[in-house]
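Visitor: First residue of the sequence shown? That's 27 in the working numbering, and the numbers climb one at a time after it.
By construction, these hints were calculated from the structure, which means they are not laboratory data. We treat Cβ as the ideally placed atom computed from N, Cα and C, and that holds for glycine. Check each hint, because a few of them may be wrong.
As the list claims (entries may be wrong) - Restraint-style ranges between C-beta atoms, simulated for each label pair:
(1) L184 <-> R71: 43 to 53 angstroms
(2) N82 <-> G123: 20 to 30 angstroms
(3) K32 <-> E134: 57 to 67 angstroms
(4) K126 <-> G186: 39 to 49 angstroms
Claimed, not checked - Below, in silico cross-link-like pairs of lysine-lysine (DSS-like), each with a Cα-Cα straight-line distance of 25 angstroms or less:
(5) K32 <-> K81
(6) K127 <-> K154
(7) K48 <-> K139
(8) K90 <-> K146
(9) K41 <-> K139
(10) K90 <-> K32
(11) K139 <-> K129
(12) K81 <-> K48
(13) K154 <-> K126
(14) K81 <-> K41
(15) K48 <-> K168
(16) K139 <-> K154
(17) K41 <-> K90
(18) K139 <-> K81
(19) K90 <-> K48
(20) K126 <-> K139
(21) K126 <-> K48
(22) K81 <-> K146
(23) K127 <-> K139
(24) K48 <-> K146
(25) K129 <-> K154
(26) K90 <-> K139
(27) K154 <-> K81
(28) K33 <-> K90
(29) K33 <-> K139
(30) K202 <-> K48
(31) K81 <-> K33
(32) K41 <-> K168
(33) K146 <-> K129
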Amino acid sequence: MANLTKKQAIVAELKDQLTNAKGVVLTSYRGLTVAQDTQLRRELRAAGVTYHVVKNTMLRLAAKEAGIEGFDAHLEGTTAFAFSTEDAIAPAKVICGFIKKNKLDENEVLTVKVGTVEGKVIDANEVKALASLPSREELIAKMLGSMNAPISNTVNVLQGVIRNAVYVLDAVRAQKESA
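Start from the sequences, fold in the hints, and give me the full structure.
Guide: So this is what it looks like as structure tokens:
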């Protein structure tokens, strides 16, 4: 009976994490060394992402309770669960970056199974596409640069008119001094 209540508590916690998470990535970590796992966890922690190994049956039950469909087909073998309640892209970006940096996709040591963004299930290819997006800060900087460009161009044009007027006046002054 105590074992059942522990399992129910785990399922409830996983359900809570799934419902509160903006971004989730499930991975298979077959063959990952302890050093690689430690490095991955360190990078995920630095990005504000929570990462832990889960049992497939517990995650299946939690996903069902949370109303998330599409996980069942991917819950086979080893499964690790990375999620962020702050940034929807962070888990995908860190995991895909780690896979690429350490060339773990060649031997299928660490692979992306499936993910969710704002409760919508996305497949591994969509997770990789999500990871290739620029960060939120980069997008904001690009948008502000785009908004600032017309104003800057207008200021430069107006300065050009004033600059040309100054050149003309300076030429007139130089001509009068030489005469």
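Visitor: What are the numbers of the hints that this structure violates, sorted from low to high?
Guide: 3, 30, 32 and 33
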